[in-house]
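Residue numbers (UniProt numbering), protein chains in the order written: chain A, 1 to 316; chain B, 1 to 515; chain C, 1 to 281.
Simulated from the structure, these hints should not be mistaken for lab results. You may find that some hints are simply not true.
Said to hold, decoys possible - Here are the in silico distance ranges between beta carbons for each label pair:
{"hint": "1", "chain 1": "A", "residue 1": "V179", "chain 2": "C", "residue 2": "D40", "range": "25 to 33 Å"}
{"hint": "2", "chain 1": "A", "residue 1": "D174", "chain 2": "C", "residue 2": "G47", "range": "41 to 49 Å"}
{"hint": "3", "chain 1": "B", "residue 1": "R297", "chain 2": "A", "residue 2": "D58", "range": "27 to 35 Å"}
{"hint": "4", "chain 1": "A", "residue 1": "D212", "chain 2": "C", "residue 2": "L4", "range": "45 to 53 Å"}
{"hint": "5", "chain 1": "B", "residue 1": "Q36", "chain 2": "C", "residue 2": "G57", "range": "56 to 64 Å"}
Note that the Cβ used here is the ideal one computed from N, Cα and C, for glycine as well.
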Amino acid sequence: MTFWLLRRVALFAVSLLVASVLVFALLRLLPGDVAATIAGTDATPQRLAAIRAELGLDRSLPAQYGSWLAGVLRGDFGTSQLNGASVSAELGRKLSVTAPLVLGGALLAVLVALPFGVLAAVRNRTFVGTGISAVSQVGIAVPTLWLGLVLVLVFSVQLGALPAQGFPVDGWADPGSAVRSLVLPWVALGLTEGAVLLRFVRSAVLGVLHSDFLRTARAKGLTRGQALRAHGFRNAALPVVSVLGVQLATLIVGAVVVERVFTLPGVGSMLVVDVGNRDLVKVQGEVFLVVAAVLVISLLVDVAHRLIDPRLREVR
Amino acid sequence: MRPLLWIPAAVVALAATTVACGTGGDPGAPATTATQAATPPDDQLDLGATVDVRLILEPVSLNPFSTSGVAVDQLLLDNVYEGLVSADTADGDKIVPRLATSHEVSPDGLSYTFTLTPDAKFHDGSALTSADVVWSLQQQIAPGSKGLRAAEFASVAAVSAPDPTTVKVDLKQRDTFLLWNLTQRGGIVYKKDTDFATLDAKDNGSGPYTIANWNRGADITLARNDAYWGAKPKNAKVVLHYIPEPSAANNAQTTGQTDVQTAADATLLQPFTANPGFTILRGTTTDKFTLALNNKRAPFDNPDVRHAFRQAINKEDVIAAYGAGIPIGGPVPPQDPWYTDLTGTDAHNPEGAKALLAKAGHAGGLAVTLDVPNVYPRAIADVLVSNLKQVGVTLTVRQVEFPTWLTRVFTNHDYELSIVDHAEARDIGNYAKPDYYFGYDNKQVQADYAAARAAASDGERDELLRKVAKQASDDAATDWLFVNQTHTVVRTGVYGVPSAETTNRFPLSGIAVGK
Amino acid sequence: MTALRVLRLVARRPTGAFGLVWLGLLTVGAVVSLFWTPFDPQRTDPGSAWLLPFTDGHVLGTDRIGHDQFSQLLVGARETLVVAVCSALVAAVVGLALGLVAALGPRWVGFSAVALIDILVAFPTLLLAMVLAAVYGSSLGTVVVAIGIGFGVAVARVARAEITAVRGTDYVLAARVGGAGTGRIIRRHLLPNIAPTLIVQLSLVMALAVLVEAALTYLGYGSAPSSPSWGGMLHEQQAHIAARPLLVIWPGLAVALTVLAFNLLGDALREATDPRLVRTR
Numbered sequence: 001m002t003f004w005l006l007r008r009v010a011l012f013a014v015s016l017l018v019a020s021v022l023v024f025a026l027l028r029l030l031p032g033d034v035a036a037t038i039a040g041t042d043a044t045p046q047r048l049a050a051i052r053a054e055l056g057l058d059r060s061l062p063a064q065y066g067s068w069l070a071g072v073l074r075g076d077f078g079t080s081q082l083n084g085a086s087v088s089a090e091l092g093r094k095l096s097v098t099a100p101l102v103l104g105g106a107l108l109a110v111l112v113a114l115p116f117g118v119l120a121a122v123r124n125r126t127f128v129g130t131g132i133s134a135v136s137q138v139g140i141a142v143p144t145l146w147l148g149l150v151l152v153l154v155f156s157v158q159l160g161a162l163p164a165q166g167f168p169v170d171g172w173a174d175p176g177s178a179v180r181s182l183v184l185p186w187v188a189l190g191l192t193e194g195a196v197l198l199r200f201v202r203s204a205v206l207g208v209l210h211s212d213f214l215r216t217a218r219a220k221g222l223t224r225g226q227a228l229r230a231h232g233f234r235n236a237a238l239p240v241v242s243v244l245g246v247q248l249a250t251l252i253v254g255a256v257v258v259e260r261v262f263t264l265p266g267v268g269s270m271l272v273v274d275v276g277n278r279d280l281v282k283v284q285g286e287v288f289l290v291v292a293a294v295l296v297i298s299l300l301v302d303v304a305h306r307l308i309d310p311r312l313r314e315v316r
Numbered sequence: 001m002r003p004l005l006w007i008p009a010a011v012v013a014l015a016a017t018t019v020a021c022g023t024g025g026d027p028g029a030p031a032t033t034a035t036q037a038a039t040p041p042d043d044q045l046d047l048g049a050t051v052d053v054r055l056i057l058e059p060v061s062l063n064p065f066s067t068s069g070v071a072v073d074q075l076l077l078d079n080v081y082e083g084l085v086s087a088d089t090a091d092g093d094k095i096v097p098r099l100a101t102s103h104e105v106s107p108d109g110l111s112y113t114f115t116l117t118p119d120a121k122f123h124d125g126s127a128l129t130s131a132d133v134v135w136s137l138q139q140q141i142a143p144g145s146k147g148l149r150a151a152e153f154a155s156v157a158a159v160s161a162p163d164p165t166t167v168k169v170d171l172k173q174r175d176t177f178l179l180w181n182l183t184q185r186g187g188i189v190y191k192k193d194t195d196f197a198t199l200d201a202k203d204n205g206s207g208p209y210t211i212a213n214w215n216r217g218a219d220i221t222l223a224r225n226d227a228y229w230g231a232k233p234k235n236a237k238v239v240l241h242y243i244p245e246p247s248a249a250n251n252a253q254t255t256g257q258t259d260v261q262t263a264a265d266a267t268l269l270q271p272f273t274a275n276p277g278f279t280i281l282r283g284t285t286t287d288k289f290t291l292a293l294n295n296k297r298a299p300f301d302n303p304d305v306r307h308a309f310r311q312a313i314n315k316e317d318v319i320a321a322y323g324a325g326i327p328i329g330g331p332v333p334p335q336d337p338w339y340t341d342l343t344g345t346d347a348h349n350p351e352g353a354k355a356l357l358a359k360a361g362h363a364g365g366l367a368v369t370l371d372v373p374n375v376y377p378r379a380i381a382d383v384l385v386s387n388l389k390q391v392g393v394t395l396t397v398r399q400v401e402f403p404t405w406l407t408r409v410f411t412n413h414d415y416e417l418s419i420v421d422h423a424e425a426r427d428i429g430n431y432a433k434p435d436y437y438f439g440y441d442n443k444q445v446q447a448d449y450a451a452a453r454a455a456a457s458d459g460e461r462d463e464l465l466r467k468v469a470k471q472a473s474d475d476a477a478t479d480w481l482f483v484n485q486t487h488t489v490v491r492t493g494v495y496g497v498p499s500a501e502t503t504n505r506f507p508l509s510g511i512a513v514g515k
Numbered sequence: 001m002t003a004l005r006v007l008r009l010v011a012r013r014p015t016g017a018f019g020l021v022w023l024g025l026l027t028v029g030a031v032v033s034l035f036w037t038p039f040d041p042q043r044t045d046p047g048s049a050w051l052l053p054f055t056d057g058h059v060l061g062t063d064r065i066g067h068d069q070f071s072q073l074l075v076g077a078r079e080t081l082v083v084a085v086c087s088a089l090v091a092a093v094v095g096l097a098l099g100l101v102a103a104l105g106p107r108w109v110g111f112s113a114v115a116l117i118d119i120l121v122a123f124p125t126l127l128l129a130m131v132l133a134a135v136y137g138s139s140l141g142t143v144v145v146a147i148g149i150g151f152g153v154a155v156a157r158v159a160r161a162e163i164t165a166v167r168g169t170d171y172v173l174a175a176r177v178g179g180a181g182t183g184r185i186i187r188r189h190l191l192p193n194i195a196p197t198l199i200v201q202l203s204l205v206m207a208l209a210v211l212v213e214a215a216l217t218y219l220g221y222g223s224a225p226s227s228p229s230w231g232g233m234l235h236e237q238q239a240h241i242a243a244r245p246l247l248v249i250w251p252g253l254a255v256a257l258t259v260l261a262f263n264l265l266g267d268a269l270r271e272a273t274d275p276r277l278v279r280t281r
């Protein structure tokens, strides 16, 4: 296990490094630069050159990459080229919107997927089971952004119950109104991602229900519920954990769209604006953060697999 | 029963439910605008009030000397920093006294003498004297100046201070634009020996507000300067919230998070129309939405094609799509002294456009590409596509991000058609620059513009500039889609909100909140 | 099992039948729109703005500047189908190539390919598409490439696992003993065996491609704004949702039904081609 873990962490570190090079290189291909944005319509070649020199844009690419990476390793994502603000500080502020959004959405997805997924499997080929499956197919097909718009239509425009868009200008100072503006985004993310997760829960539980070990447990005299609780869920958890990991990653990026629909000032909106301004130091910080989050999640999923599945522990 | 067949049925049902909830209403109804109620006397006002204002574009830096961007002017001019003279946006940009209580011009027009108010003070407490004014203007005229507007002061030969309240500006040649340029960014008076790099952290102007806090990416707070030499602001604090999204801004205004919403989207005013809680103000702007036709590149090097494009586009359709605006037909908005009605030149005429295209050898049709920054509503380009299709032109629209536009179109001139909002006030000089991205090169226009700048009187100047505008329009140097009209939504109980040209200059000190 | 037989098996299931019918209708609509639409989808007309459905021949009504919504939907279907099919093709090529290299290449090549797949999988497709669109400009091409690569690496994972499994089977070993070269083994044994799995995967890729394309054009990173698309329609109408809710319903419904059709078709295909499932029903 220790050897395996070391190897896995080493792979994680290498992946992160390669990802940082990829992110950095990919962004250097962008046409136009932040100097053009700063100079605007007052641009002259001299002014552009002066701004570039001031920002260190005239240094060689490896030198720029090196100083950026050194900063990131210290937890310093640099400063915005446009206005000199600390990227880490702004990321922190935007995360106070995006993190609750993603985690809340994921929680809701699990709350929807687990009970209904198990129910759909246990009641397979009955009215209830098929009904749940059918609804989940719809949930998968409906675009999150459209579900968001339909929710706005019903709960904001028609009922006036919840805000259609925006986030309080003073953030979490008033938690009540902050939560109210997150309710519809949570539901939009939770239902669409929950539908995907539900199908995996259902098929995992179905697989377990038809397995030999469960039949053995039933033969020992356990009821189906007892057998499932004692042996089934642990086995069914394996694929579900993997999918949940992938979904968390999807949610982080999916947040870009949801933040746009509900005009939430989160990391996604920040990314869209910064790509527009060619504020590369910020963009590479944001993209790198997202990719790193996805890699961390996949590392955690692998570790969780090891812990849940005794067979994997014995193999090596 | 085949339960799986419900699936599509369920999707349709979901849609049907929401449809059944639909309101309809009349989205096409025009917004009702009103004039603002007069500000009540001070004893009926809450002079300790904080006013929350929605703006769109956040400045990138608070150093007005060398940071470009109109967001800097909007925030700082007349609020934090002041010049010798100012422009009254509520009165058609009339030039009014500010730090200089009066000025005199010598008969030959080569010498301006300004008399300063003796009371003005910088935020650090020191008195503002003629030495500061001289130093500030010398930073603009110094060779190699990094001042953003240094070029505007090319006519200035010397600046001197005969006594602490008098400033004398001597010119190499007459300059009818000098006073106007002094009302702008280049005319700001800084304290002598200011290191401009420090202004980002600590402002030191002479205006009625100081900068209390900058929450980057979100808002800027201005606090009343109680030591201000002139009329004190009628509010204690102003929080400027930078909210680019129109619908998020609407949400902030309807929920009372903001008191004033500037630049409200003209197509989204329904929540405030006929609502006693709000007043919608409509004001002029200098936002000239300009369709640039690359004069140096085929097919637009042929004037017939340029005229054809102008005649093909129905400006009223474009305005309807944008939601507000007035047609201009030339490079000058109506509030400028040298405005002349040019809407008759190349008026909407699809048949004429077709004939001109045929004459230019494009009877079989023409395909061109339009590069437009993605910050403008798509509807504008949609109308152009539709209008041009009627005369046989296939228009491909490329939405580009602003930096890409700056590099590709503005700097490299690598484009055929482009739309941009030329927001700067009094920028007719762009038509006298053959190297500008329009590619418009008419020697007569250049000569007339130069003559206008050195004219003996404002009347003579205005006559020459009218000639420039007419010639640019006759040559179809560019096309002018419309000049924007801006809408400001004000919460009832808030008074004295500026409503004209709010993006160039937004004096906050008159905004008052009733008790 | 011949293609025709699979099709018949698919069509017999309600899910498969729905998928085939909707996608068939969509294809017909897209093809017809090449020659005819009720109105010019790009025509703007302030005189016929904000029309409700079934007024003046506008079946689904018009928007703020007078665009006929039904014509726009028809032309938008073209873009949706093109993106779905082309990204699936790109994903298939990328997935197969990477999968083959990872499974059959020399040890270190295989290992690097697997590592590359792992890293690329962590690079979210939507993000990749945004960056590519910013670099190369927004166009259908960048959308297709981004989606194709983004989902191609996921296909590569599945392909590698399948190829590794098939490679170890007796008949492949027998063929190898019989002197067959790598190329021949891939063509004769590997590809036919992994084809059913691959086809199912690709139908899911098409479903995802439709979703991602709609999201991208909604965000403004898709095709040129002058060409009608479903995501673009959602973007345009969102601001006016309170005034004309129907206008956001149509394009969203079209996306949902299309994604559903691809997903259900994928399910039906899996059931029709998996011998175990065929027997149990």
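Check your understanding: Going through the earlier hints one by one, which of them does the structure break, listed in rising order?
Key -> The structure breaks hints 1, 4, 5; every other hint is satisfied.
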